[in-house]
Amino acid sequence: MRNAIRGTFVMLGECFRMSLDNIRGNKIRSFLTLLGIMIGVTAVIALISTVSGVSGTLADSFSSMGAGRLSVSITGNDLKTGVTPEDLAEITALDSVRGVVPSISLNGRVSRGKTVESGVSVSGRNAYYFQRNPDLILQGRALNFIDDDNSTYACVISRKMVDTFFFGVNPLGETLYVSGIPFTVVGRYEEDDGGGVASMFSGSPDILIPYTTAMKINNSREISSFTVYLNDGTDSAGASAAVEEKMDAMFDYEEDCFTVTAMTSIEETMETMMGMMSSLLAGIASIALIVGGIGIMNMMLTTVTERTVEIGLKKALGAIPWQIQVQFLIESFLLSMIGGLLGVAAGLGLSYILCRVLETGFVLNTGAIALGVGFSAAVGLVFGWAPARKASRLNPIDALRTA
Amino acid sequence: MQTNTFFEMTGIHKDYIMGGEPVHVLKNICLSIREGEYLSVLGPSGSGKSTLMNLIGCLDTPTAGEYILHGRKVDEMDETELARLRNREIGFIFQNSQLLNRLTARKNVELPLIYAGILPKERRRRAEAMLERVGLKDRMDHLPTQLSGGQQQRVAIARAMVGNPSLLLADEPTGALDQKTGAQIMELFGELNRENRTVIMITHDMKIAAHAKRVIRIIDGEILEGGGADDA
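Chains as they are written, first to last, in our numbering: chain A, 1 to 403; chain B, 1 to 232.
Rather than coming from a laboratory, the hints here were simulated on the basis of the structure.
Don't take each hint at face value.
[Said to hold, decoys possible] Among the chain B residues that face chain A by a calculated CB cut under 7 Å, a handful are:
| hint | residue |
| --- | --- |
| 1 | Tyr-16 |
| 2 | Leu-59 |
| 3 | Asp-60 |
| 4 | Thr-63 |
| 5 | Ala-64 |
| 6 | Glu-66 |
| 7 | Ile-68 |
| 8 | Arg-86 |
| 9 | Asn-87 |
| 10 | Asn-101 |
| 11 | Arg-102 |
| 12 | Leu-111 |
| 13 | Pro-112 |
| 14 | Tyr-115 |
| 15 | Ile-219 |
[What the hints assert, rightly or not] Stretches of chain B that chain A covers, calculated by requiring three or more beta carbons in the stretch to come under 8 Å of a beta carbon on chain A:
| hint | stretch |
| --- | --- |
| 16 | 71 to 83 |
| 17 | 202 to 216 |
Just so you know, even glycine gets a beta-carbon here, dropped at the ideal spot from N, CA and C.
Work out the full structure: start from the sequences and follow the hints.
Next comes the structure, spelled out in structure tokens:
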């Protein structure tokens, strides 16, 4: 028994050596064959790593902008199209809520002297918004409670607006006309508030004015969109329920008047989407692996035919069918594995470059590497099986006669 | 000289199906060989001598009849058992030496030892000793293509002998060689036989057959003379 086990190891070692010799002996053919597997694995790893890099970056920016926040948007009913400042005060009074920021959008024509710009995004916010984001104001002052309470015509403007209307001029104290109403510029702010990807989704306004003033311009007492900031360490699901309960009362328990969205749930949806995306891409890429496997099978069948005499001779010298089969299986396995490992290297390189180009974080996805290596091993064994079996079944007499 | 029976064939038939028709290649072969015999099987091409060699060499099993080698019934063995038997008991020498051109002379000689499960160091030692024996000590690391026909056949003999088999089975061993080289090979066979090894040689050349101590003739699948266990 010990002899048999030792014999098996001796034989396996020899098979590895002989297989490497054969692969080296047909360098160009072997390389072309393993190229299929290599391309497949490269594609799988590059796609998975890039998608996970992108989704990692998205998730980071979502949690940085969305942590501890609920966003509420209201469609309302016939009687009530939004919440009043008094309603907002009620929500602010909830235990889990730290503060509320209304957001009232105006699409305005903005002018100064001869310079006119239409379709500028103007948003009414409250003082709490500026308290939350103390780094927002680059120059001048923020809007404060006095502005809110008195509906002042003060505004803070983005860098873009400074470049458009005040090129080479200090904007502070200057007048800007929003929908024909004169506003005094009191500050300049950094428009890119939540990171590149986040602003893509939230859309940053160009001019911020007191929300009370915005309501006056809109001639409305109601607010249709606001953000609820939660106390630190609050469970967003629970807080969301509390806000919903409060608002249900405001809308007389009528359904579909508003939606409360926790950013965490958007994040989850995003993650699911990205997961689906990466498995879809991996599925497409694995077609390349199957094609590569067929290439290996083709080469192994050719090899078996070419080496008929060698197989016959080895059988005559005492190789049992199983040993011949193992020899050819090892050869296709090695061929596929070499392709797979080269593919892993190329895939990681490619995804690193892609992540740099897309400016997302590069994540070394060990799952993708394991998938690539495992897949190529499996391809080698599965597609090598039939040729190896064919070799093992060759009749030594017929094989030697062909010489 | 020992007089134990080495193998015994009784009533061996071998049929092949060719184009749907069965062809009787061997008919009622009875052959008995004692240990240490030097036998040649002489016959023209198509006589069935190669088929007989395949049967003796356990490369094939008979359609009917009984073949007992070293007390074991070969006709009932499966492929794996046959392979093991070939590996241990039989050293093959083929007409055109059949060396693997990608392997050096030594690696070629090591081949049967790989399937016997011998460790690399021991394989190397045995292969080198055997190559030295056939006079190729300084050609061990040459590839077959770098050797002459006679030298290639010596490598093949070394390969056949390295596993220390009890039977040396040669199919037209001098067929591809010139007369002088052929004579050298015959001398080597004689030497191996004097060490009490059974040697069976298949040939169509009467002169080569004459080197053996016993000659059997085979024509149309039947043994014409020398099949019985008569005294050699």
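For this session: Mind checking the CB of Asn-87(B) against every CB in chain A and telling me if the closest is under 7 Å?
Result: At 2 Å from the nearest chain A Cβ, Asn-87(B) passes the 7 Å test, so the hint holds.
Exercise. The stretch 202 to 216 of chain B covered by chain A? Criterion: 3 or more residues, Cβ-Cβ distance below 8 Å.
Worked result: With 0 residues in contact (Cβ-Cβ under 8 Å with chain A), the coverage given for the stretch 202 to 216 of chain B is violated.
Exercise. Holds or violated: Tyr-115(B) as interface residue toward chain A, Cβ cutoff 7 Å?
Worked result: holds (4 Å)
Exercise. Should the interface hint for Leu-111(B) be scored as holding, given a Cβ-Cβ cut-off of 7 Å against chain A?
Worked result: holds (6 Å)
Exercise. Does Leu-59(B) meet its interface restraint, that is, does its C-beta lie within less than 7 Å of any C-beta in chain A?
Worked result: This hint holds: Leu-59(B) lies near chain A, its Cβ roughly 5 Å from the closest one there, short of 7 Å.
For this session: Verify the coverage statement for the stretch 71 to 83 of chain B against chain A, using a C-beta to C-beta distance below 8 Å and requiring 3 or more qualifying residues.
Result: holds (count 3)
Exercise. At a threshold of 7 Å, is the proposed contact between Arg-102(B) and chain A supported by beta-carbon distances?
Worked result: Where the cut-off is 7 Å and the nearest Cβ of chain A is about 6 Å from Arg-102(B), the hint holds.
Problem set entry | Hinted contact Tyr-16(B) with chain A - closest CB pair below 7 Å | violated (11 Å)
Problem set entry | Given hint Glu-66(B) near chain A, where the shortest CB pair must fall under 7 Å | violated (21 Å)
Exercise. Should the interface hint for Ile-68(B) be scored as holding, given a Cβ-Cβ cut-off of 7 Å against chain A?
Worked result: violated (20 Å)
Problem set entry | Hint status (Cβ of Pro-112(B) to nearest Cβ of chain A, threshold 7 Å) | holds (4 Å)
For this session: Return the status of the interface hint for Ile-219(B): holds when the least beta-carbon distance to chain A is below 7 Å, violated otherwise.
Result: Nearest chain A Cβ about 21 Å off; hint violated.
Violation of the numbered hints given earlier is confined to hints 1, 4, 5, 6, 7, 10, 15 and 17; the remaining hints are satisfied by the structure.
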